[in-house]
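**Q** Spelled out from the first residue to the last, the chains are:
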Amino acid sequence: MDASAMKDDAWIAGLRAGREDAVAALRDRLRKGLGAALGPRSDVQDTDLDDFTQDAVLQVTSRLDSFRGESKFATWAMAVAVRVALTALRRRRWKRETLDDRLEAMASPDGAPAIETEEVRDQLLAALRASIDEDLTPRQRQVILGELSGIPQVVLAERLGMKTGAIYKATHDARKKLLAALRRKGFDAARVMDVLADET
Amino acid sequence: MKPTDAQLAELAKLLGDTADCEIDCAELLDRVAAYLEARTDRSALSPHLAQVAQHFKVCPECREEFEALIRAEGLDPATILGE
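Quick mapping for you: the protein sequence lines, in order, are chains A and B.
Take the first sequence: its letters are residues 19 to 218, numbered as in this note's numbering.
Take the second sequence: its letters are residues 13 to 95, numbered as in this note's numbering.
Think of the hints as simulated: they come from the structure by calculation, not from any bench.
You may find that some hints are simply not true.
To be verified - Here are the computed lysine-lysine pairs in the BS3-like style, where the Cα-Cα straight-line distance is at most 30 Å: (1) 69/B <-> 25/A; (2) 14/B <-> 69/B; (3) 195/A <-> 25/B; (4) 113/A <-> 90/A.
In this text, all values refer to a predicted model and were calculated from it rather than measured experimentally.
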């Protein structure tokens, strides 16, 4: 039985029961989708896709209780597979670089040069820079600067000994604090977007 | 460690899109398939799914995964991502 013929309830029941046809249909579907999504990337080989697929099958079958029936099962499973694959690729890309190396690089004079700016934009960025130093906890500062420097959440989480959900919460809390601080300094969300409207 | 002006400008834009109540990446994973199907069908987004769209504004990683999911499903990114 292939994926297209299998109804969601039967498919999920088959996976729960460990039926080979259900697992094979899932594996085939995910392998094909990951190939379409990631195949063109130069850092992805066929063996990677095979590995990602195998890991994704395990993840999907262990998370069946999370499927709420709000979409087709196959689409939900593919979303899980994409996350598994991209998380692995992010980890791989950052394997050699330490957190300190990356954060130190932010102080490098080779970073993007300051563009000639209008006074209001300068004031906004100066206010934001001060708030990062003054209004955030050390952990919030670490995660915000880590993400700004391009460190993936999964890598930040591993290096800081946190769960990825906690990383997201820390950045969300930090963003809310910074926004509140900017408001106190005369920059609400609408004004911030106005000031930066012409930048890509 | 000091961010550059360009990085601060990027952060400032994220602040502009920050909501008081946001879903995290784990919750997004459980909703993104339904979001994609709603966008494919061009049906109106429920508030439940509108939070997915907001999350994409502040989470580049989830946005990257969504674009990969579109390709994985054999869909046209321009159709799904366009307004």
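**Q** Each hint should be assessed against the structure and marked as holding or not.
**A** We went through each hint and held it up to the structure:
Distance check on the hinted pair: residue 69/B and residue 25/A sit about 34 Å apart at the alpha-carbon level, beyond 30 Å; violated. Distance restraint check for residue 14/B and residue 69/B: the Cα-Cα separation of roughly 24 Å lies within the 30 Å cut-off, and the hinted pair is therefore satisfied. Distance restraint check for residue 195/A and residue 25/B: the Cα-Cα separation of roughly 14 Å lies within the 30 Å cut-off, and the hinted pair is therefore satisfied. Distance restraint check for residue 113/A and residue 90/A: the Cα-Cα separation of roughly 35 Å exceeds the 30 Å cut-off, and the hinted pair is therefore not satisfied.
Of the numbered hints listed earlier, those contradicted by the structure are 1 and 4.
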